Amino acid sequence: MILHENPWVSLMDVGGYVYSHETRCQGRIVAVLPYRETPGGREFLVRSEITPCWGPDPVLSAVTGGYEGGDIADDAVRELEEETGYLVRTADLVPLGESYASKSADTVYTLYAVDVSGLTPGEALGDGSAHESSATTRWLGPAELAQVRDPQVAVMYLRLLADG
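Start counting the sequence shown at 1; every next residue gets the next number (our numbering).
Hints listed in this document are in silico derivations from the structure and should not be mistaken for laboratory results. Heads up, a few of these hints could be off.
As the list claims (entries may be wrong) - Okay, the calculated beta carbon distance ranges per label pair: (1) Gly-55 to Ala-105: 12 to 20 Å; (2) Ala-143 to Leu-3: 36 to 44 Å; (3) Ala-143 to Gly-16: 13 to 21 Å; (4) Ala-143 to Pro-52: 27 to 35 Å; (5) Gly-16 to Thr-38: 45 to 53 Å; (6) Arg-36 to Ser-104: 17 to 25 Å; (7) Met-1 to Pro-151: 22 to 30 Å; (8) Gly-55 to Val-9: 15 to 23 Å; (9) Gly-70 to Glu-37: 26 to 34 Å; (10) Val-9 to Asp-57: 19 to 27 Å; (11) Tyr-17 to Pro-95: 27 to 35 Å; (12) Gly-141 to Pro-121: 33 to 41 Å; (13) Ile-2 to Asp-115: 41 to 49 Å; (14) Trp-54 to Arg-78: 35 to 43 Å.
Nothing here was measured: the structure is a model prediction, and the numbers come from that model. All C-beta atoms, glycine included, are put in the ideal place defined by N, C-alpha and C.
Build the full structure now, drawing on both the sequences and the hints.
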């Protein structure tokens with residue numbers, strides 16, 4: 001049963017279990033973990049942006065975006081360019097499977113990594129929203145990456161390590 005809905009999110013109740021459904025993207029989000037090889041070791045690119053549900057200050061998180069229909073890999077390529085300025089092809093993406101956000105949401109994340117070593121980013125234009133317009137990116141080593149609180153970052157890193 002739907003308890004509440006708007007164009008962005010719905011609250012659902014199934015036998016007294018209440019959870020959220022992201023209506024705006026049909027409950028699907030893409031997350032991308034760009035990385036590069038450096039003489040000092042592999043580095044990973046994350047976003048620093050204000051995420052209001054996590055507080056008023058910028059927080060480090062994954063490159064993410066909502067599903068817009070069609071092949072979700074196309075959404076990954078678009079989000080990567082929008083949020084980091086890196087332009088890649090879908091063939092460059094390393095599929096890392098899917099993940100849930102939490103037990104309080106039915107959102108499914110489709111996860112990718114991508115090697116951007118040697119690429120020069122263009123301008124990260126964002127999607128026009130206020131939070132994206134003030135966001136930046138940061139390169140982190142593995143120890144710093146492990147401190148990022150966004151769970152999708154940890155899942156992508158672990159799966160990338162497991163894949164070799």
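Here is what the structure says about each hint:
no. : hint                           : result
1   : Gly-55 to Ala-105: 12 to 20 Å  : holds, 19 Å
2   : Ala-143 to Leu-3: 36 to 44 Å   : holds, 42 Å
3   : Ala-143 to Gly-16: 13 to 21 Å  : violated, 42 Å
4   : Ala-143 to Pro-52: 27 to 35 Å  : holds, 28 Å
5   : Gly-16 to Thr-38: 45 to 53 Å   : holds, 51 Å
6   : Arg-36 to Ser-104: 17 to 25 Å  : violated, 34 Å
7   : Met-1 to Pro-151: 22 to 30 Å   : holds, 28 Å
8   : Gly-55 to Val-9: 15 to 23 Å    : holds, 19 Å
9   : Gly-70 to Glu-37: 26 to 34 Å   : holds, 31 Å
10  : Val-9 to Asp-57: 19 to 27 Å    : holds, 23 Å
11  : Tyr-17 to Pro-95: 27 to 35 Å   : holds, 30 Å
12  : Gly-141 to Pro-121: 33 to 41 Å : violated, 19 Å
13  : Ile-2 to Asp-115: 41 to 49 Å   : holds, 42 Å
14  : Trp-54 to Arg-78: 35 to 43 Å   : violated, 24 Å
The earlier numbered hints that this structure contradicts are 3, 6, 12 and 14.
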